[in-house]
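There are 4 protein chains.
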Amino acid sequence: MLTAMSLRTPDEYRAAVAADGRTLYYRGKRVDDILAEPELRVAVDHAAIDYEVAEQPEHRELAVATNPATGDEYSAYYKVPRSAEDLLQRSKLIELCTSLGGTMVTLIKEIGSDGLFAMLRTLDGESLERALAFAAHCRDNDLAVAVAQTDVKGDRSKAPHQQDDKDMYVHVVAEQEDGIVVRGAKCHTSISANADEIIVFPTRAMGADDADFAVAFAVPANAPGLSMYVSSYSAGERDEWDFPLSSKHKMLETLTVFDDVFVPWDRVFMCREPELAGPLALSFVEYHRFTAVSYKLPLLDLLVGSAALIADMNGVAKAGHIRDKLTHLIIYAETVRALTETAARRARIDGRGIAYPDPMTTNLAKYTFATQYHHALELVQDCAGGLLVTGPGVDDWNNADIRAVLEKYFGAAAPAAERLRVMNLIADLTARDFGGYHAVLAVHAEGSIEAEKMQILRSYDARGPLAYAKRLVGID
Amino acid sequence: MLTAMSLRTPDEYRAAVAADGRTLYYRGKRVDDILAEPELRVAVDHAAIDYEVAEQPEHRELAVATNPATGDEYSAYYKVPRSAEDLLQRSKLIELCTSLGGTMVTLIKEIGSDGLFAMLRTLDGESLERALAFAAHCRDNDLAVAVAQTDVKGDRSKAPHQQDDKDMYVHVVAEQEDGIVVRGAKCHTSISANADEIIVFPTRAMGADDADFAVAFAVPANAPGLSMYVSSYSAGERDEWDFPLSSKHKMLETLTVFDDVFVPWDRVFMCREPELAGPLALSFVEYHRFTAVSYKLPLLDLLVGSAALIADMNGVAKAGHIRDKLTHLIIYAETVRALTETAARRARIDGRGIAYPDPMTTNLAKYTFATQYHHALELVQDCAGGLLVTGPGVDDWNNADIRAVLEKYFGAAAPAAERLRVMNLIADLTARDFGGYHAVLAVHAEGSIEAEKMQILRSYDARGPLAYAKRLVGID
Amino acid sequence: MLTAMSLRTPDEYRAAVAADGRTLYYRGKRVDDILAEPELRVAVDHAAIDYEVAEQPEHRELAVATNPATGDEYSAYYKVPRSAEDLLQRSKLIELCTSLGGTMVTLIKEIGSDGLFAMLRTLDGESLERALAFAAHCRDNDLAVAVAQTDVKGDRSKAPHQQDDKDMYVHVVAEQEDGIVVRGAKCHTSISANADEIIVFPTRAMGADDADFAVAFAVPANAPGLSMYVSSYSAGERDEWDFPLSSKHKMLETLTVFDDVFVPWDRVFMCREPELAGPLALSFVEYHRFTAVSYKLPLLDLLVGSAALIADMNGVAKAGHIRDKLTHLIIYAETVRALTETAARRARIDGRGIAYPDPMTTNLAKYTFATQYHHALELVQDCAGGLLVTGPGVDDWNNADIRAVLEKYFGAAAPAAERLRVMNLIADLTARDFGGYHAVLAVHAEGSIEAEKMQILRSYDARGPLAYAKRLVGID
Amino acid sequence: MLTAMSLRTPDEYRAAVAADGRTLYYRGKRVDDILAEPELRVAVDHAAIDYEVAEQPEHRELAVATNPATGDEYSAYYKVPRSAEDLLQRSKLIELCTSLGGTMVTLIKEIGSDGLFAMLRTLDGESLERALAFAAHCRDNDLAVAVAQTDVKGDRSKAPHQQDDKDMYVHVVAEQEDGIVVRGAKCHTSISANADEIIVFPTRAMGADDADFAVAFAVPANAPGLSMYVSSYSAGERDEWDFPLSSKHKMLETLTVFDDVFVPWDRVFMCREPELAGPLALSFVEYHRFTAVSYKLPLLDLLVGSAALIADMNGVAKAGHIRDKLTHLIIYAETVRALTETAARRARIDGRGIAYPDPMTTNLAKYTFATQYHHALELVQDCAGGLLVTGPGVDDWNNADIRAVLEKYFGAAAPAAERLRVMNLIADLTARDFGGYHAVLAVHAEGSIEAEKMQILRSYDARGPLAYAKRLVGID
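Residue numbers (the numbering used here), protein chains in the order written: chain A, 1 to 476; chain B, 1 to 476; chain C, 1 to 476; chain D, 1 to 476.
If you are wondering where the hints come from, they were derived from the structure by calculation, not from laboratory data.
Straight-line C-alpha distance at most 16 Å; calculated EDC-like pairs for lysine to aspartate or glutamate:
no., chain 1, residue 1, chain 2, residue 2
1, B, K408, D, D167
2, B, K408, D, D155
3, D, K248, D, E39
4, D, K318, B, D155
5, D, K153, D, D164
6, B, K92, B, E58
7, C, K408, A, D165
8, D, K470, C, E418
9, B, K166, B, D260
10, C, K408, A, D164
11, D, K470, C, D312
12, A, K408, C, D165
13, B, K153, B, D165
14, D, K318, B, E450
15, A, K29, C, D395
16, D, K408, B, D165
17, B, K158, B, D210
18, D, K29, B, D395
19, C, K158, A, D312
20, D, K79, D, E61
21, B, K29, D, D395
22, C, K408, A, D155
Please take these sequences and the hints and turn them into a complete structure.
Take a look at the structure:
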């Protein structure tokens with residue numbers, strides 16, 4: 001059906017990341033084919049949503065972009081934003097895929113394009129040319145691209161070069177004629193296990209002493225010397241009745257170890273340029289936090305929707321305190337949505353014509369999301385009831401005799417069959433490991449709450465308010 | 001300088017509201033000329049800002065509109081909004097005048113035009129024609145217009161017609177050939193004492209039994225039978241050194257009593273039409289809450305600016321907890337600003353081509369403002385210090401011997417002369433009656449916090465989130 | 001070692017609840033011997049702590065009481081409180097066992113004695129005599145006793161007698177010469193699966209029409225017609241490395257179905273006495289909420305302790321924002337502790353000489369615990385970092401090659417071996433199903449947040465404050 | 001009536017502080033007789049409550065202590081606490097006098113005795129003997145005693161000895177045979193203007209370089225060289241109808257300037273002993289924060305009582321959201337009360353047998369009070385309504401014609417006469433300068449919120465929680 005060279009089918013994506021020789025470990029064992037391991041395959045199938053949308057007629061307009069020069073179609077994720085409208089459309093696409101992903105972001109094109117845009121904004125000269133070429137490569141081959149940024153850091157009170165073990169931050173071991181050799185490890189690397197390519201960025205601003213650590217590059221996921229240790233958090237196969245979300249939707253995180261990995265020069269975007277480390281890291285974060293607040297919206301909608309639905313099924317939707325709790329959930333969800341929208345509408349266009357979301361507003365949205373999330377969980381759980389953690393499982397439900405008991409006793413303003421499903425949905429979302437994953441991500445992913453506060457303070461222009469205060473008392 | 005017929009000078013406005021025979025009481029006495037009573041005159045001078053901006057070259061573009069048909073200039077406040085951009089400009093104009101007003105809204109054109117727009121959206125037939133004529137009258141004569149809406153209400157557990165004393169809600173006493181006669185009282189009527197005209201709206205939705213109370217009309221401020229009792233809250237003349245804001249900026253509130261006031265038919269917009277009471281009241285509130293969040297912005301800016309300034313003057317601006325508090329103030333102020341902006345950008349255009357701000361977003365903005373205001377006061381006071389309430393007064397400062405002591409002992413990272421002024425600014429803003437006025441208004445003006453929550457819940461479209469929750473568990 | 005007749009060994013307890021013919025279902029199957037099912041046995045072993053403490057020299061003083069008349073020793077849980085000091089000691093014993101239980105309450109004597117005390121306070125005449133006899137039975141045989149109170153409720157907008165299916169509330173089906181027959185189901189019944197006896201109480205106040213539902217009684221866990229469906233929430237065997245808490249500590253919840261269960265008269269404490277339903281339910285809640293806040297203390301201590309420990313291991317313990325977060329956790333934990341202590345110290349002694357904790361203070365403690373719990377989770381997760389949900393599992397750790405990588409890269413200010421263990425502790429506590437269980441219990445167990453607010457308002461004596469306000473303005 | 005030498009009558013107190021030659025300035029002028037200046041006299045009359053209670057039969061038991069050795073009666077404020085019970089009684093006495101003082105603390109014996117107890121606990125040798133003698137002097141002459149502690153501080157980023165102007169901290173200018181000479185200024189000195197004696201303490205811990213500033217002493221209020229500049233905050237005479245509280249209750253704050261004041265050795269408690277500055281300052285704060293939370297209780301009661309009363313008068317007491325707000329106010333008030341009580345009950349007894357309240361619990365109480373105060377104001381204002389700031393004044397009320405209008409239109413579920421009085425009570429308490437004074441004191445008096453957090457963290461014993469966390473994962 002699809003004729004353009006640059007759009008892959010979901011199965012083409014699956015085939016590309018399977019059995020390509022990448023070094024993957026899971027639950028203590030080497031995994032040769034990610035598709036053959038059911039607990040990992042669910043993450044590949046989940047990620048494939050980013051490819052499926054391009055094939056769905058109702059989503060094509062949002063998901064597919066056209067190169068005006070060539071007429072070629074390519075994934076809209078790789079379209080460099082030039083306007084507020086572009087950012088709004090990008091946000092909608094991220095929201096759509098996450099919505100189809102049961103509140104779990106797909107991320108395999110989102111984060112990579114965030115990284116590419118950051119390079120296009122901050123690099124210059126030959127580095128910029130390499131980045132442009134790599135961006136075209138990702139776009140034209142419709143690739144899944146991870147970004148590995150967070151170093152393992154060792155002693156957090158010390159700079160990279162002060163660490164006892166230099167490998168605590170990824171660094172340049174050698175420069176050769178044909179490329180560089182890198183060593184070290186990144187942690188919390190999302191979707192690397194099922195990506196085609198991995199972009200590596202420094203985690204923070206660097207000083208001159210940290211030159212070796214000021215390195216940015218890209219490698220294919222099967223690069224020699226690169227090993228990925230997939231987290232076993234939320235391991236285990238799951239039945240869909242018990243776990244409506246996590247049985248089908250999953251994101252993999254890896255400890256990503258670079259053991260003297262060779263990177264050819266055309267894949268090296270920064271090498272021993274400490275003055276560039278901060279700007280590149282920050283520019284990536286600017287895009288990535290906007291991605292974050294965009295992909296949080298289905299999660300927020302589900303908090304509202306599942307709380308309203310279960311309250312109704314419990315027969316308590318009209319109680320004053322329930323209405324109050326639903327209103328608070330709405331206020332929370334819609335404030336984040338409005339701030340996300342405003343971050344896009346206040347788009348800034350840099351000297352190269354590239355648009356990026358307003359940093360202060362983006363951080364406002366992210367901060368608001370992060371600091372009210374746990375309270376929102378309390379409200380949803382309050383609307384649902386204790387049955388969230390005292391209810392039956394799928395084996396009970398599948399036993400006809402037991403099911404008859406459950407149907408009799410767990411019905412309320414809705415039949416038990418429906419009510420128990422919604423209970424399980426909310427338990428999965430708020431009271432089991434999938435919920436815990438969301439909760440910890442709320443606090444830490446794409447920057448901590450403290451980082452967001454710092455960015456708000458930095459990006460706020462205090463001159464007007466200060467001048468206003470002074471004017472009112474006639475000083476200055 | 002001004003040639004258009006429809007723009008008055010500030011002095012023309014002053015002259016119009018002075019000694020026109022209106023029945024005004026203040027501090028137990030009849031006031032014949034509002035300009036002759038210094039404590040009231042300050043409110044007239046403050047309100048005149050709405051006329052001054054039209055004369056100021058740097059503000060004319062925002063403050064003056066032009067009738068494309070006639071080329072006549074008129075106050076931009078009376079421009080009927082037709083687009084998101086119109087609402088954004090209106091918001092900016094309100095913000096400007098409030099900023100010039102030292103955080104106190106001027107309101108004499110804001111609230112009246114809110115009322116006019118509501119009538120243009122909800123009335124029909126002859127009523128609409130009367131409203132259009134009255135709107136043209138206000139615009140062409142550049143009038144100051146109050147809206148009296150809140151009835152005194154008596155026993156709040158009873159509907160209007162159930163009250164022991166029917167006068168607890170303004171109502172129609174008689175219909176005559178030439179007009180109607182009304183009786184009752186409205187409270188919390190802002191700027192009525194210094195307005196040209198007073199629009200009267202019902203305070204709530206009405207049932208058929210309440211037909212007599214479903215009345216809307218306009219009367220000049222000097223209408224026979226109309227008496228206004230100006231609140232003595234914050235009475236007393238004030239020195240500018242002690243009270244940088246409240247010595248110059250003031251809004252008057254009245255108990256507005258209609259003692260068989262005659263209203264000719266061309267000023268009657270609704271008479272015994274209970275089904276219209278709710279829509280008209282609500283439409284007014286939609287505009288007026290948007291006015292409210294627009295005029296709160298300078299207040300929020302001053303909370304941020306004065307806290308940052310005094311922290312700097314105290315020499316503690318770099319302390320971690322101070323930075324944290326300033327960041328919280330910024331988050332608060334900028335979230336309200338972003339929501340206000342979004343309410344305008346999400347403008348809805350009704351079937352008549354009239355724009356109004358998105359109700360849910362407007363209420364989100366208002367709710368966010370109202371529920372975090374008192375905490376913001378705590379943060380500002382925390383940054384300032386106890387000197388807010390233990391410092392010297394203007395008489396101390398004017399005594400050269402005492403001033404020498406104060407200069408020696410109250411300097412910090414800024415000279416005492418400046419630091420004490422900023423302390424007084426913050427005390428006026430947060431810890432004296434002007435501050436209390438702002439705080440109570442935050443909770444009650446333009447609708448209570450509960451009313452805002454109710455409107456959020458009502459205007460939220462829950463269908464998407466409910467459908468999403470159901471889809472994820474395969475029901476419906 | 002123990003000579004008293006009334007103290008059982010842990011193994012005697014285990015033997016008593018194993019294979020006694022009780023009707024138990026788990027994961028879709030009938031379970032004949034609870035000890036033979038590893039996922040259930042962990043709960044029996046956990047509950048046995050209540051017996052172990054009586055054998056431990058360092059805990060005997062707190063855990064064992066002596067009958068002054070006979071010199072017999074018995075479990076201190078069954079000592080009827082007569083003073084504030086008794087309540088303080090009871091609170092300490094509950095705290096101790098929960099602490100040994102890894103933050104999970106043992107409950108098998110706590111809740112039963114709460115129920116017994118409530119009966120001793122509210123019953124009269126023959127009912128009281130039966131209750132006294134049953135209390136002696138529990139004490140003298142050192143029994144594990146559950147309380148089943150929450151009915152499944154059906155349509156929550158209807159009273160018991162209005163339900164379409166009468167079985168939605170447990171009710172009397174027949175009165176016979178030798179006893180009564182009951183039918184219906186209770187949900188959220190904790191520790192019933194591994195208890196000796198189950199006390200059944202009504203869930204709420206009842207009206208005259210609800211007489212059939214005003215029933216209280218006790219049955220052995222293996223009573224004919226009684227079936228218990230154990231919740232499969234948090235099912236699955238767990239390794240101790242991955243799950244330091246939940247691998248060893250567990251509480252079972254059942255749907256407890258009474259299918260025409262016969263109860264002899266000496267086990268019937270209330271039968272068709274609706275006027276007693278409310279007082280009995282409330283008195284039980286008064287004791288049980290005090291039990292609740294007592295058993296929450298180790299959980300709160302662990303939130304503080306684990307956050308402080310991981311912050312230290314991460315090398316960030318001195319950061320200002322980390323200190324701030326730890327301080328908030330301390331304030332939370334210590335406020336609940338102080339309120340719990342005060343609830344005991346303000347003990348009320350009823351006309352029978354039985355002490356009960358001050359209701360308002362108990363509810364203050366419970367409310368404070370419940371409403372800040374989720375925010376506390378956010379703070380702990382913030383101190384810990386994203387590794388909570390991206391880290392390795394026990395199979396990784398047990399692979400020597402992988403362990404070497406983990407040791408190299410996951411060390412910080414503490415070796416990886418220790419840091420990863422604490423991460424898993426915190427993940428178990430806050431971000432997996434054990435954590436979700438705690439979180440949902442915080443909101444719902446022993447009464448919802450709304451119920452606590454209602455009790456605070458009801459038990460508050462407003463007369464003093466009202467009189468004070470009136471006196472200050474000279475009215476009344 | 002009173003025969004004991006050590007108890008003065010209120011008038012004896014008034015006479016003692018009037019026209020004794022003290023150097024007092026108010027509103028730019030020297031005041032020779034504090035009783036002759038009405039705006040200051042109100043503070044003297046208010047403070048006299050501390051003497052009145054000793055004459056009131058119903059309060060004598062709490063207010064008067066007896067020297068067991070001599071049988072002499074003396075003010076219970078000066079009784080050195082030896083037990084938890086003593087601290088509870090002291091708390092009750094403070095609460096009583098503040099309650100009689102319309103929520104304003106009397107303080108003239110409270111703060112002085114806080115200072116005396118601190119000296120008795122921390123001083124040694126000759127210094128201790130002087131302190132004992134001075135304590136006996138205060139007790140036996142039933143004196144009003146202020147404590148001046150907060151230095152004006154100049155540049156807060158510098159230590160005392162680093163200040164450009166050494167006078168920014170009170171310091172020793174000269175040591176002479178008969179005493180010392182001191183210079184500098186203290187700010188926020190409460191009740192000094194109407195005290196007999198003023199104790200001076202250092203404001204913070206000091207290093208060796210700051211020896212000159214490590215000075216503690218006492219001087220009579222009329223000491224030569226001592227000048228007091230009374231703050232003009234809340235200046236102006238007030239009618240009792242408009243201002244039910246602030247017309248009768250007031251506390252004076254001074255800038256207290258020491259211009260080479262001579263202090264004889266028997267009044268010098270510390271001189272150039274920097275190692276003692278911290279312990280003395282801290283010990284004073286320990287007592288004084290306990291005094292603070294004790295005197296906050298009537299204020300909290302009035303927030304609850306006035307909100308409940310006005311809600312009832314408005315006819316909205318049964319509305320769900322009003323009940324919710326009242327419940328929150330109750331939770332706030334009663335949590336502070338319970339923590340205050342617990343701080344006393346957890347009394348620590350030092351090696352000298354002197355009792356002091358548990359520091360961590362005291363700070364918990366103070367922190368809880370301080371951080372929820374502004375939100376409580378919002379809740380009270382929400383219950384009251386906008387009439388708080390739009391209502392009539394006493395001159396309106398006293399005009400019979402106007403009063404008739406007010407009576408007609410401002411009645412609700414209570415007559416206007418009563419409802420308006422309660423509105424004015426709440427306005428005085430929350431929305432005018434008296435309210436602002438309370439609000440700023442909540443944040444700053446007796447130590448800032450940050451200081452309280454720091455003390456909580458310092459006084460918390462983390463060893464148990466840390467050991468618990470370690471034990472659960474088997475480390476250490």
